[in-house]
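Residue numbers (our numbering), protein chains in the order written: chain E, 1 to 352; chain L, 1 to 209.
Derived from the structure by calculation, the hints contain no laboratory data. Misleading hints may appear alongside valid ones.
Facing chain L, according to a computed beta carbon distance under 7 angstroms, are these residues of chain E, among others [said to hold, decoys possible]: (1) Q270; (2) G271; (3) A275; (4) Y278.
Here are the simulated distance ranges between beta carbons [claimed, not checked]: (5) E/A199 / L/D188: 27 to 35 angstroms; (6) E/N15 / L/E38: 14 to 22 angstroms; (7) E/Y81 / L/L10: 23 to 31 angstroms; (8) L/N143 / E/E318: 26 to 34 angstroms.
A virtual CB, placed ideally from N, CA and C, is assigned to each residue, including glycine.
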Amino acid sequence: MSQAPDIDSKKLTANIKAGGCAAKLGSSELASLLGGLSGKGDERLIAGIEHFEDAAVYKISEDLAIIQTVDFFPPLLDDPYTFGQIAAANALSDVYAMGGKPVFALNIVCFPTCDFPLSVLKKILEGGADKVKEAGASLAGGHSLEASEPVYGLSVTGLVHPSEMLTNGGASPGDVLILTKPIGTGVGLLGLKGEQLEAGAGSDLVSSLTELNDVALSVARRFKINAATDVTGFGLAGHVREMAKASGLVAEIDTCSIEYLPGVVELASQGFVPAGAYGNRQSFSDFVSYIKEVDLAYQDLLFDPQTSGGLLLAVGEEQSRELLQALKAEGLRASIAGCLIEGDNPGRVKVF
Amino acid sequence: MKKEVDLRGLVCPEPVLRTKKLLDDKSVVCIEALVETEVNVKNLERLARSQKVSMSSAPEGEHFRVTIERNGEGAQKEPAPSPGSHAHGQGASQTQTGVGTVVFLGKDYFGQGDESFSRNLLDVFLQTMLDSGHLPRAILMANTGVKLLARDSSCRKVLADFKEAGCDVLACGLCVDFYGLKDDIDKDDITNMFAICEYMMTADKVLSP
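Isolated chain E (complex conformation) (with noise of 0.2 angstroms):
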């Protein structure tokens, strides 16, 4: 008689290769996709496809527009109700880096029912849940398909004033770049997997990636943001060049002042480097020059595909300080990023 499989105690990530925004397409393959697809322009569609924007944005009147998100991947670390956590934070961030408000959330799962019990199931879906109350938003349906690989995420909409929403593009040269959480999830996730990653620096890790962006979307706008975008799978280097480029301007990112996840530094320099950022590293070199020396596991974490990444804003300088200042007072570890300025080729990105 075959043995059943002992499905109580597979671990959710068994077999995947790679979890979370690591498990993107590439930008480069992206691009070849989806060029041409958008069709005849609609000028109530004020966001979408150019410029690579985070989120659809439809205006329906001159004070409301509505904003449209989808996210969603396979496991990448084995609790069921934090990966729940983590695919709902990072769908609603989305809508957060258009200046939004999310106000409602629709399920995306694919879940074999063979290799683990649907108690696994429920508690993704309740740490889903909790996440998208936990944003004043309401899980209102979804879909679920039988599938070989579990896979979990969100569509989610939102809600902003057309004059209010945030895009890519809009950026002045003179502004400074600043992150709203610390970089280096992809390698942080396969540390934690592996077992490297010390107590303290594996919850630092989990409370990071399933923080929403809502308060560091409410300090932001006391101020007068030029640009925003959250850090996703491209990593920071690609979401920047892609605001640089939007915003006709060059970057300049130092590695020294970002703020990295405990443990990753050393990590990566032992090679816990996810595929996609060497995937991304492909994408972007074009693009990407480094102006020092930059040691390879800086490199890295750069191309690094960030799951649930922090908001990424441009901001002028005069200002800068200060709403650094205003998110450490809320807890977040904010830091500079760099800046943008003029120059030729917009869309470079010179790396300190």
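Dock chain L against the given chain E, drawing on the hints supplied.
Same frame as chain E, now just chain L:
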């Protein structure tokens, strides 16, 4: 001892993890591994570099053969990226203390111009340096520079932050006495001209704004 391992089909970070565990055993001097992807090869290259062992690789059919060799006695584990050979300091802490840069503040203002503006500018300079993460090894104060540590100085907080970040913040004792600031300044922050000379002579770079 030589170890041969087949790391094909393993999901990240298993290939790096298993190789690292093998290298932790100092009796292992050579590892021959078969890996599946270029990403595996690149990750093992990084591991080899951090463990100060040599590595070569070559495609073999649909996979890659990787050879790692421990060179000679005392092949030490390399610490997180160090400031000597690279651009960054210890990896563990986010702000990196640059070895060899010393800031000398011989006056309590920055540049020449309007007095109050110039004093405020020094505060801005120090705050900017702190925020940038480019920390000097030490900040030395002499002559009117010691006034920056006075109880009523607006720079006192930022200098305390530098100290907390691991920077040496020191004021010349002669100057502290001359300006009557002995009660204002912590004993630990007072130094003498000899130490100031030592710092300056051994520094790679002395900044004097």
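### Message
So, as I understand it, the hint says E/Y278 touches chain L; can you test that by seeing if any CB pair is closer than 7 angstroms?
### Response
Interface hint status for E/Y278: holds (6 angstroms vs cutoff 7 angstroms).
### Task
Under 7 angstroms, Cβ to Cβ, is where E/G271 needs to be relative to chain L, so tell me if that hint holds or is violated.
4 angstroms, holds
### Message
Against the range 23 to 31 angstroms, how does the distance between the Cβ atoms of E/Y81 and L/L10 compare: consistent or not?
### Response
The hint (23 to 31 angstroms, Cβ to Cβ) holds, given that E/Y81 and L/L10 are roughly 27 angstroms apart.
### Message
Quick check: does the Cβ-Cβ distance between L/N143 and E/E318 fall within 26 to 34 angstroms?
### Response
With Cβ atoms ~32 angstroms apart, the hint holds.
### Query
Do the Cβ positions of E/N15 and L/E38 conform to the proposed distance bound of 14 to 22 angstroms?
About 21 angstroms separates the Cβ atoms of E/N15 and L/E38, which means 14 to 22 angstroms holds.
### Message
Is the interface hint satisfied for E/A275? The criterion is a beta-carbon contact with chain L at less than 7 angstroms.
### Response
Holds. Min distance 4 angstroms.
### Task
Evaluate the given range 27 to 35 angstroms for the C-beta pair formed by E/A199 and L/D188.
Distance hint for E/A199, L/D188 holds at roughly 33 angstroms.
### Task
May I ask you to test the interface hint for E/Q270 with respect to chain L, counting a Cβ-Cβ separation under 7 angstroms as satisfied?
5 angstroms, holds
When the structure is compared with the earlier hints, no violation turns up for any of them.
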